[in-house]
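Participant: All chains, please: the whole structure from these sequences, using the hints.
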Amino acid sequence: MNDSRFSNMVARLIEETARGRMAWRLSEPPRSITIGTEDIVGLYFEGVFKGTKFSIYEVRYKHFQDEDIYYWNSTIVLAVVDNDDRVLWTQNNYREINELYDDVRRKASGVDRLLDYFR
Amino acid sequence: MIALWIGSRSMGYKAAFYGAVGLLIVAVAVAWNLDVWGSKSFWDEANKYGLFFTIFGTLFTVGTFFYVGMFGEKLKRRHRIPETHKDLQQLLIEIRQCLKDWKGRENDIIDLLYQVQGHLENVSQKLDGVEKKSANQLVSSIAREGVFYIGRRKLTEEVSWDIQRKLQKFVTQLGAKHQDNEVERL
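Here the protein sequences come in this chain order: P and X. Going letter by letter, the first sequence gives residues 12 to 130 in my numbering. Going letter by letter, the second sequence gives residues 109 to 294 in my numbering.
In case anyone wonders, no lab produced these hints; they're calculated from the structure.
Far from chain P, by Cβ distances over 10 Å, these chain X residues were calculated:
{"no.": "1", "residue": "120"}
{"no.": "2", "residue": "232"}
{"no.": "3", "residue": "247"}
For the chain X half of the interface with chain P, some residues (derived, Cβ under 7 Å), not all of them:
{"no.": "4", "residue": "208"}
{"no.": "5", "residue": "276"}
{"no.": "6", "residue": "280"}
{"no.": "7", "residue": "284"}
No more than 30 Å apart at the CA atoms, straight line, and that leaves these computed lysine-lysine pairs for DSBU-like:
{"no.": "8", "chain 1": "P", "residue 1": "118", "chain 2": "X", "residue 2": "194"}
{"no.": "9", "chain 1": "X", "residue 1": "208", "chain 2": "X", "residue 2": "277"}
{"no.": "10", "chain 1": "X", "residue 1": "208", "chain 2": "P", "residue 2": "64"}
{"no.": "11", "chain 1": "X", "residue 1": "208", "chain 2": "P", "residue 2": "61"}
{"no.": "12", "chain 1": "P", "residue 1": "118", "chain 2": "X", "residue 2": "208"}
{"no.": "13", "chain 1": "X", "residue 1": "241", "chain 2": "X", "residue 2": "184"}
{"no.": "14", "chain 1": "X", "residue 1": "274", "chain 2": "P", "residue 2": "64"}
{"no.": "15", "chain 1": "X", "residue 1": "277", "chain 2": "X", "residue 2": "234"}
{"no.": "16", "chain 1": "X", "residue 1": "274", "chain 2": "P", "residue 2": "118"}
{"no.": "17", "chain 1": "X", "residue 1": "211", "chain 2": "P", "residue 2": "61"}
{"no.": "18", "chain 1": "X", "residue 1": "277", "chain 2": "P", "residue 2": "118"}
{"no.": "19", "chain 1": "P", "residue 1": "61", "chain 2": "X", "residue 2": "274"}
{"no.": "20", "chain 1": "X", "residue 1": "277", "chain 2": "P", "residue 2": "64"}
{"no.": "21", "chain 1": "X", "residue 1": "211", "chain 2": "P", "residue 2": "118"}
{"no.": "22", "chain 1": "X", "residue 1": "277", "chain 2": "X", "residue 2": "241"}
{"no.": "23", "chain 1": "P", "residue 1": "118", "chain 2": "P", "residue 2": "64"}
{"no.": "24", "chain 1": "X", "residue 1": "277", "chain 2": "P", "residue 2": "61"}
Quick reminder that beta carbons are idealized off the backbone N, C-alpha and C, glycines included.
Facilitator: Here you go:
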């Protein structure tokens, strides 16, 4: 079941990101996420809000339908990490997380500056 | 016509209908053979029963009327809240998209806010408690911005984000209300 407080929190992160008050940095995913798994981590971003370090990333994973039959699926994960880049808490499957991930990528790509040039 | 109506009913209806008709025939046959039609005491008794059933019937009708009204209101709530929740969720996404490209999209935001206001005014009649209060607060804050706009005071980015935050909170509350209703129904 969706936690309403979580939706509100992510909506706030979306606002802070859109208004440029929260900066996200593209970085390498910590080993704790990638080690011992076949999952593939896509772009991995980190940002700080109210003293808490957040990360947001895409995970592509094998979704097995049978023992040998699988297809690749993906999900966007929002995580809280500590200063040693250990993942303390994760959450996915929220519409707002996908929206935040799109915004973060858009900000990181600098496409807005480029689009402003053509305004 | 009666035969058609009965034919389309279930076995329970048919049994009840034929039972009632049978009882009526028996009662009429018994009364026909008795010398009661000219008796004053019979009509006095019948009047008493008639009065009793009239009062009972009236009360039953009034009760049924209120019950149907309440039930209709409940049905409206159950259907309107999830519909409005879905619409507001969609509007919230659109408002956020506009806010992210704030420059030059103020008018789009105002249009969307008026749509939100319409939904809120409609759904607030079907809410009570915290949700109703939040809906009314949101309506008044949007309306105030409307007045500001008409008075040529521009809707600022700060105020729009603030309304978006309140709307996010309200959508969350409405979702929880819908879930409560579903649990109650089960």
